[in-house]
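J.: Here is how the chains run, residue by residue.
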Amino acid sequence: MPFIPHTDADVRDMLATIGVPNIDALFDEIPSSLRCGVLACIPEALTEMDVGRLMQERAAQDGRPLNFIGAGAYEHHIPAAVWSIVSRGEFYSAYTPYQAEASQGTLQLLYEYQTMIASLTGMQVANASLYDGASAVAEAALMAVRAHRRSTSARILMPTTLNPVYRQVTRAIAGNQSLNFEMLPYVPGSGTIDATALDKWKGQDVTALVIQQPNFFGQLEDVDALTDWAHANGALVIAVVNPTSLALLKPPGEWGQKGVDIVVGEGQPLGVPLAGGGPYIGFMTTRMEHVRQMPGRIVGRTLDLDGKPGFTLTLQAREQHIRRSKATSNICTNQGLLVTAATIYLSLVGPEGLERVAAASQARTRELVAALTKVRGVRAVFNGPRFHEAVLTLDRPVGPVLEALAVQGIVGGYSLAEHYPELGNALLVCATETRNSNDIARYAAALASLLS
Amino acid sequence: MPFIPHTDADVRDMLATIGVPNIDALFDEIPSSLRCGVLACIPEALTEMDVGRLMQERAAQDGRPLNFIGAGAYEHHIPAAVWSIVSRGEFYSAYTPYQAEASQGTLQLLYEYQTMIASLTGMQVANASLYDGASAVAEAALMAVRAHRRSTSARILMPTTLNPVYRQVTRAIAGNQSLNFEMLPYVPGSGTIDATALDKWKGQDVTALVIQQPNFFGQLEDVDALTDWAHANGALVIAVVNPTSLALLKPPGEWGQKGVDIVVGEGQPLGVPLAGGGPYIGFMTTRMEHVRQMPGRIVGRTLDLDGKPGFTLTLQAREQHIRRSKATSNICTNQGLLVTAATIYLSLVGPEGLERVAAASQARTRELVAALTKVRGVRAVFNGPRFHEAVLTLDRPVGPVLEALAVQGIVGGYSLAEHYPELGNALLVCATETRNSNDIARYAAALASLLS
Amino acid sequence: MHEKLIFEHSRTGRTATAQFPAAEAADIPAGLRRKQRPLLPEVSELQVVRHFTRLSQLNFSIDTHFYPLGSCTMKYNPRACNALAMLPEFLSRHPYAPEATGQGLLGCLYELQEMLLEVTGMQGVSLTPMAGAQGEFAGVAMMRAYHQSRGDLARVEIIVPDAAHGTNPATATMCGCKVVEIPSLPNGDIDIDALKRVVGPATAGIMLTNPSTLGVFERRIAEVAGIVHDAGGLLYYDGANLNAILGKVRPGDMGFDVIHMNLHKTFSTPHGGGGPGSGAVGVGKRLLPFMPIPVVGTQGNQYRWLTEKDLPQSIGRLSGFMGNAGVLLRAYIYMRMLGRPGMQRVSEYATLNANYLLARLKAAGFDAAYTDRRASHEFIITLKRQSRELGVSAMDFAKRLLDYGFHAPTTYFPLLVPECLLIEPTETEAKEELDGFVDAMIAILAEASSDPDKLHSAPHTLPVRRLDDVRAAKQLDLTWKPAQA
Amino acid sequence: MHEKLIFEHSRTGRTATAQFPAAEAADIPAGLRRKQRPLLPEVSELQVVRHFTRLSQLNFSIDTHFYPLGSCTMKYNPRACNALAMLPEFLSRHPYAPEATGQGLLGCLYELQEMLLEVTGMQGVSLTPMAGAQGEFAGVAMMRAYHQSRGDLARVEIIVPDAAHGTNPATATMCGCKVVEIPSLPNGDIDIDALKRVVGPATAGIMLTNPSTLGVFERRIAEVAGIVHDAGGLLYYDGANLNAILGKVRPGDMGFDVIHMNLHKTFSTPHGGGGPGSGAVGVGKRLLPFMPIPVVGTQGNQYRWLTEKDLPQSIGRLSGFMGNAGVLLRAYIYMRMLGRPGMQRVSEYATLNANYLLARLKAAGFDAAYTDRRASHEFIITLKRQSRELGVSAMDFAKRLLDYGFHAPTTYFPLLVPECLLIEPTETEAKEELDGFVDAMIAILAEASSDPDKLHSAPHTLPVRRLDDVRAAKQLDLTWKPAQA
Ligand SMILES: Cc1ncc(COP(=O)(O)O)c(C=O)c1O
Ligand SMILES: Cc1ncc(COP(=O)(O)O)c(C=O)c1O
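Chains as they are written, first to last, in the working numbering: chain C, 1 to 452; chain X, 1 to 452; chain L, 1 to 485; chain G, 1 to 485.
What the hints contain is simulated information worked out from the structure, not anything from laboratory work.
It cannot be assumed that every hint is accurate.
[As the list claims (entries may be wrong)] Sample of chain G residues at the chain X side, in silico, Cβ under 10 Å: (1) Pro29; (2) Ala80; (3) Gly121; (4) Gln123; (5) Gly124; (6) Ile227; (7) Arg250; (8) Met337; (9) Arg360; (10) Leu401; (11) Glu432.
For each residue, glycine too, the CB sits at the ideal point set by N, CA and C.
All chains should be modelled from the sequences, with the hints used to inform the complete structure.
T.: Encoded structure:
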């Protein structure tokens, strides 16, 4: 039997020990009226070999097109060492380190991760992960409401330059607790938050301002001024950041006079494959004063009976298994294995490597924009500094162009038609260090021939 | 620097400790006239990302054609667990277990392997591997000469049904020690050894008779009679076997009245990928009386200082690092990692699984032969029982047909033109459990259209 | 074995240059630039490999130890699921790549939805929730949305049994609901009278786990369903314990309106040292319009994502893209390998193992929390008596078990059973392994009399002795700081 | 930690059915059929995974420990080499598939040949030998074939220094040659006078390792070459120590006629617990026609195998197909990542590490075997003095090092240095690791005075204490036997 070790003799012995005639007798507390019949829609079992062929065929159907989308998930080089270690059974098949003494590997790694991600964002403490970047924004909004004792409005300002799906997810999750989300427009020329629009909330009770840097368009926001405005106005600041960019960009802990209050983001760029959308990593860091309001697991260093250092889950009184309905969040299972990947990735590239990855990605996008805007009918939409993403417009609807590119094995970008109809035929494109000049030339040539 | 951890400060400190001004000074014992210049033909370094792309492109060039060749290397299903464990650093990056106490993992595994492979072949003892099946035959021939004290002829009878490359390799390796290889023809109808031809050596000093089962054509030899003839004639018997087949076929230890003396073969079918020809596994088993004549590492179970069982390399006095010019072989590094794969593979499939793999492979080849011989111009050459390989002839030269099939992504078989010109347009084909009815139909259809 | 922190291996200027591109100029205005490099280790590739390989060896895991952690279903994670979910085409797929280039993946997910429908008896499935707790969130949010869509705005109370997993009440709160707790009876069943007392016009629904987290099947489930439905509430099924009933009874048939499944439990995707998980939700007819998006649908012979346009009443999106796709693939592959009879075997052998282990432990002198009940796929031992008589706690037993080479069962959950161990052996463990566990429990019980300190100070053979959790929480040390020069 | 034998986990009738096809009838005549099933374990997939994962943890390895095993070049094996050599297209390629379907693989091998030519300064390379010893065999066989092709049939003697690796004399014998041993001088150089005495008309050639296995560079190599060549013999270079001179001096330039390289050492393919290796051979002009086949050649813009048709004087084939192709791919990938300057860095930092470690050990009171010499990439410490004074052997030191978390250096080789440790740190180890090793050596030396029994009975912290090798050889237990019922 696949994965079941019992021999006939085992079963006989075990039934005798229990004192029942057969296995079915063990289900005698289930009312017979409820018992179900055969699961007719479940196919017959396949051997590993056959399921292997099936999956290979499915994979071959999808192929490996050349990708120029970012929009929240980025294709970076992942060193071979990362997943060969992540896949080790001791990481892969362990669970939440409830028994600290038997889980020092996972716990020490999480402590190392917390250190790295806190430092990367310029904050003091980090949790051990949330589900993904989008849901992390929702958790941050809820946390801000808890953490900001003097604010009663539960009003969260969200710029339209924040990833639109993050806005949707935040509403879907945090909306149930009567938070008020109000929108902040962007300046058409720069694609960054319209700071003058903030006047509307001046002197009002605002719980928190969310700032995404680089923003969804890839443009760089004036984070210092925005942070200072929020703090001056009594609001907390939630930063939403791309961890790769932080090798080059000022960390949120240093934005403005005081630095932000909560930082969240999508950790996928750090060694996690695109994988069709997940599993990824939601990360979160904050100041020490807010640590008891953080959701998620936190690992601390302590001592054992002999005075030797060791690691354990701590501040569990925030969590659902202790605090139940009063917990900071319902999160239990998180994204541990992906955090393992991120920690190994960050260790391999180190501070210099992350900087180079970031700089190369920026340079490749620069090159991409230059190449594509040479194509007749294509132009860049926004001015000003950006990281590794850019918005272009075409002289015709984007959807059919993307479909035609896909036929040629090119994934040409993300259409902004649904979320930003005001931009016309707009397209968000991205190139990381994994795209080389040939790739870019191939895309430009394909686009040129489609638009000609 | 790739893979080198030294910082500038490290280098300074280390040079100071040594007392030299720079690294180059450490090479001052090399006569300067001998120092070489830049290695102009070595390309610039690539990052892992770039070498990754390069290798992906090379791999894509080769594709994954549908394979119908065996001829000594067989495509079987390899459970995913096998290589995920084999690739663990503790197996992958360890070396020969010279320090037994720090290598119990490898040593216990080898002991388990020896047990499995000895039992599979029906013999008493096994070594921990030789390079591959071909070189194992050479080692077996040399061993037979050492082991057979009463024989002085160093005459080895090799049937033409033995893999022709094995014959070449045996000559290339053992030929230097003045062994005499004499050829034994096959019966044209059955493709098996012509027993009547043995009369020629009756009563003569023959050191050993080699028998391959199933033979190179996939046909089953009359191993009992051949073994008994050899023993009656004072010769040892060297069996060359396919380990998968031994789940169904009588093990060499039971051939004839007394069983054979040495068994060798290619262990690749046991969890080792085709991989373009290697690394594979040469296995060897024998009777206990000959153990001191065996080449290669051998692991034994013993006790430690506390009386606890443990494992260690043993009978090292046979080996080159102790016995030097009088060693049983020069082999040192062997195929340890592949043995790891084979041991895990055999543990996963177990006795029942190996039997099913063997039976399914035989059935698929039966199906293949039936389908291909329905094609006009194709016929089977030999009668009689076979395992999972068969010789067919075409109505035209094989080479161009195989090339045309390759263009369609089908690797259609191994041409026997070079080694068996007497068979005409002959082709050795094979199907294992990994080929299904669709595959076979696809091949038959392609062949039919080519030959029409 | 002790392994330094990765930062302690770091030296300024050390790099693994094979792993990143050559230097390139960045174009960032000065005011937005980072000034000081982050505290990332500067180490060689070998140091990274060695450090994390050594760290990994400090863990217990399914692949190395029996791991009977109750409520977590620590069963074998087939290696094929990992290998095949990591085929390069799947890994390199951008979630926003056109659907036409993802028919292979979407096909797998669609079939997974269909299979989950079949095993749960529900009417619709959404795969998007990223863990059990998010599945719960989706479920309760759908219940609220349902009531609101009918203008039934007063229904804000979620009834939760006292034995429920902590995520249940926490989820209700996250959905803006009020939690109403009801007690369990001494036999482990729900207190039906208490239930009757609390239901009413404010009842949004009830969250149940069946078999419950007490390790027993709620026998009066049909009655419970009737009471809640009659009061206008809905029934939520916490699917963490689906392993117990797979192919035997279906939540849909028991009257549940919504269910979340922990694919990382019943369908054996990895636990990964804490995650990732997947909390797919199944719904009955009434909740179909409210499912979280995206869901895989078909159009002609193509698969495509159903979004807000298709499900305008959806509770919305819960993740940036479409949930933990890679986890879903693993579950799909696992289900295809089990196939139809394999599904039933899961619950049969999981239940056999649990009842056998319970019978043996009872025979060895341990007390079952619910004596006259069948174990489901897990069961509870209470050490209340031993604690009183010998002064050893469930925690002491748990820590000492580690010395014997067994991961501890879940301790102190459910909260209502004193000094409890919740034990879930799963179907993939062999009888000998269970026997070895019983032997260890017997040996520890003997030590508890002869040498209780051995238990109090356990573990003795692991990389660290018992850790000071109080200190950890009081003297917070959550990140490493470089020594001041 | 102790792990049972896999056979002890076996139970009759237990299977891992996901791993093999359904039952099918086999068609074998009764007389040729197997009657009794072989002794293979009957275990579940989880049991297999758990057993071998646990076994793996009992090993020291580069990935977990500093492993300064002299003459073995235990450097970091980049993970990329493994991952990329295992791309499915390479793994699934049948060696007899048409060359047209293998241009990607053949291209890599061809370029590998070219790069090896460049680093060795030779004229031709064959990749087919499957380990160093088989490379040696190929080399000596080519020397013989050369002499025989010239009718120079008397040349059957191979000169081997006493410090040579055991494979050298063993290889000479396998090639049907006679071994003539010559001594080394106290400074580690070859005794040139002795060499002069033994060369003559029977000399087929000399096998040298340079730097020698004594860890020093043979300074008078040009003279040695002259003497042997003048006598009509050829020079064989044992490339096990190529790591010491990569990019600094080339065997071809030193006058060698043939060389084997251990790609599993210098070019960092895995050691795999004993193998696989690869012993590619390089040859000078005179030996070009004799190279073992197959070799990769070009024809037009296609790669193809050169066989007996192209090299009719070849010594022939040494393997069933074409050697350890997968190992060759790993070496190719490694070389591409190192690139031109990376080659030189290998020898520079390997030499730096060795000389640093030697300097520190000397300062700590250990005796270098060759005091006034530079270390190459490795060096020898002799514990003769400590053995005499304190009664502790090199073996005791080696075993005690294991307790300190270091794999032992090579012990008792070369045979001519008493109580020796041959130490090769390799370039991929960090200074701190070397310092830690020195600290351990100092601590052990202190123990050798204060508590020598601690050394005699070491190791103390591993899965087993010191093993009884004598018993192993006397009471042979080479396979497990089931208990008689
Ligand atoms: C009964 C029960 N409900 C819910 C959950 C929550 O699932 P997850 O951890 O995936 O969020 C768990 C898992 O721990 C559980 O055991
Ligand atoms: C000096 C020397 N020569 C030859 C060899 C033999 O190489 P291999 O083990 O690959 O056969 C070795 C390796 O151990 C060696 O160190």
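J.: With chain X as the partner, please determine if G/Gly121 meets the hint condition of a C-beta pair closer than 10 Å.
T.: holds (7 Å)
J.: Per the CB criterion, is G/Arg360 less than 10 Å away from chain X?
T.: Check passed: Cβ of G/Arg360 comes within 6 Å of chain X, closer than 10 Å.
J.: Go through the hint on G/Leu401 and say holds or violated, using the shortest Cβ distance to chain X against 10 Å.
T.: With Cβ-Cβ at 9 Å, under 10 Å, it holds.
J.: G/Ile227 was flagged as interface toward chain X. Is the shortest Cβ-Cβ separation under 10 Å?
T.: violated (16 Å)
J.: Measuring from the C-beta of G/Met337 to each C-beta in chain X, is the shortest one below 10 Å?
T.: At about 6 Å, which falls below the 10 Å cut-off, the nearest Cβ of chain X leaves the hint on G/Met337 intact, so it holds.
J.: Do the numbers back the hint for G/Pro29, that is, is its least Cβ distance to chain X under 10 Å?
T.: The hint holds - G/Pro29 has a Cβ within 10 Å of chain X, the shortest such distance being about 5 Å.
J.: Taking the least C-beta to C-beta distance, is G/Gly124 closer than 10 Å to chain X?
T.: violated (14 Å)
J.: Holds or violated: is there a CB of chain X closer than 10 Å to the CB of G/Arg250?
T.: holds (5 Å)
J.: Does the closest beta carbon of chain X sit nearer than 10 Å to the beta carbon of G/Ala80?
T.: With a closest approach of 5 Å, the G/Ala80 hint holds.
J.: Would you check whether G/Glu432 satisfies its interface hint, that is, whether its CB is within less than 10 Å of any CB in chain X?
T.: holds (9 Å)
J.: With a cut-off of 10 Å, does the beta carbon of G/Gln123 approach a beta carbon of chain X closely enough for the hint to hold?
T.: G/Gln123 check fails; min Cβ-Cβ to chain X is 13 Å, beyond 10 Å.
Hints 4, 5 and 6, counting from the list given before, are not met by this structure.
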